[in-house]
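Participant: Working from the sequences, and respecting the hints, build out all of it.
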Amino acid sequence: MNWVPKDVDTYINQKDYIDTIVVPLLSIDTRPETMKNSASSSEFLMNLSMFIEKQFKGRMMFMPPVSYTQSTDLQQLADTLSEDLKKSSFAHTFYLTTDAKWTSVTVEGKVVWLPSIPLETMDDHLRQTIMEDQLRQVLTHFMEKWNVQ
Amino acid sequence: MSNKVSRRTFLSYTLMGTGGFMASAMLMPMIRFAIDPVLANTGGSDMIPTPQKAADLTETPIRVDYTIKDRQDAWYTSDESNTAWVYKEGDKVIALSPVCKHLGCTVNWEGDVYKNEFFCPCHAGRYKKNGDNIPGSPPLGPLDEYEVEVIDGFVYLGGTIPNTLV
Ligand code: FES
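Protein chains in written order, with this note's numbering: chain A, 6 to 154; chain B, 310 to 475.
It should be emphasised that the hints constitute simulated quantities derived from the structure, not laboratory data. Heads up, the beta-carbon is just placed ideally off N, CA and C, and yes, glycines get one too.
In the SDA-like style, the derived pairs of lysine to any residue whose C-alpha atoms are separated by at most 20 Å in a straight line are:
(1) A:20 with B:433
(2) A:20 with B:413
(3) B:362 with B:401
(4) A:59 with B:417
Label pairs and their in silico Cβ distance ranges:
(5) A:129 with B:462: 20 to 26 Å
(6) B:397 with A:133: 21 to 27 Å
(7) A:82 with B:433: 33 to 39 Å
(8) A:119 with B:459: 38 to 44 Å
(9) B:378 with A:72: 26 to 32 Å
(10) B:463 with A:149: 37 to 43 Å
(11) B:368 with A:84: 52 to 58 Å
(12) B:470 with A:93: 34 to 40 Å
(13) B:462 with A:85: 54 to 60 Å
Facilitator: What follows is the structure, given as structure tokens:
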């Protein structure tokens with residue numbers, strides 16, 4: 006599900022089935038020399054999020070990406086997010102990011118980190134293959150949590 | 310005098326004509342844009358080519374990925390990639406929508422446990438090969454079908470229609 010009114014209506018009626026929220030964490034680097042890299046990771050993360058959403062629409066709600074600039078205090082952001090997400094009623098929380106800094110942050114829920122792959126030079130077919138590959142990687146993390154219940 | 314007037318009349322007609330033509334050139338895509346979603350729902354939409362050769366199909370469903378140009382979503386204007394499960398029944402090419410009729414996840418052919426069936430990983434939804442939902446699993450209806458045409462040996466897919474095989 007996407008964070009749009011129509012999908013949220015479905016969610017409200019099907020809470021038992023849509024039990025997982027995914028929060029893409031999007032790092033934005035404003036320095037001219039790193040801007041391009043930042044944009045590339047952003048493209049990758051958004052594409053991957055849309056791809057996963059399409060495959061698992063009926064079980065996952067995708068938040069619009071939580072974006073932050075380079076000097077944001079991540080631990081503080083993590084604490085705020087953990088606190089606020091407690092008020093939602095999802096059984097599972099996942100954060101999806103290409104920013105390695107999140108691997109050393111404590112947060113409620115699971116951080117799924119994966120290195121960004123530059124998609125800008127790839128054709129549709131290659132993109133599709135890469136997305137499927139990445140999905141398989143990410144999926145093991147989701148399955149791990151889902152199977153615990 | 311009359312010569313002058315007629316030339317001016319001629320000119321203004323020409324300009325109006327050009328203007329009218331330009332306006333219609335601008336309007337047409339807008340009208341098309343406004344009407345298109347309606348058309349898509351009635352199944353009367355355009356047939357989209359896929360890279361799949363009809364001759365290579367068998368009785369086992371395979372995944373066919375294809376691209377619909379220029380779709381829009383909340384963030385990007387981009388080409389939309391789409392998927393169908395395609396197989397042959399005798400000479401007939403059958404294409405099923407991978408969208409689970411429970412809550413819309415993408416179904417796979419043959420999970421680890423159930424053979425010769427479609428399987429939805431979200432809540433263990435199950436469908437027979439013709440798309441018929443298997444009672445006792447969450448989906449309440451069969452998978453949709455795509456309109457199919459074979460043109461020059463390649464599979465073309467149109468809009469989705471309610472399953473006609475079940
Ligand atoms: S979305 Fe397919 S079984 Fe629930």
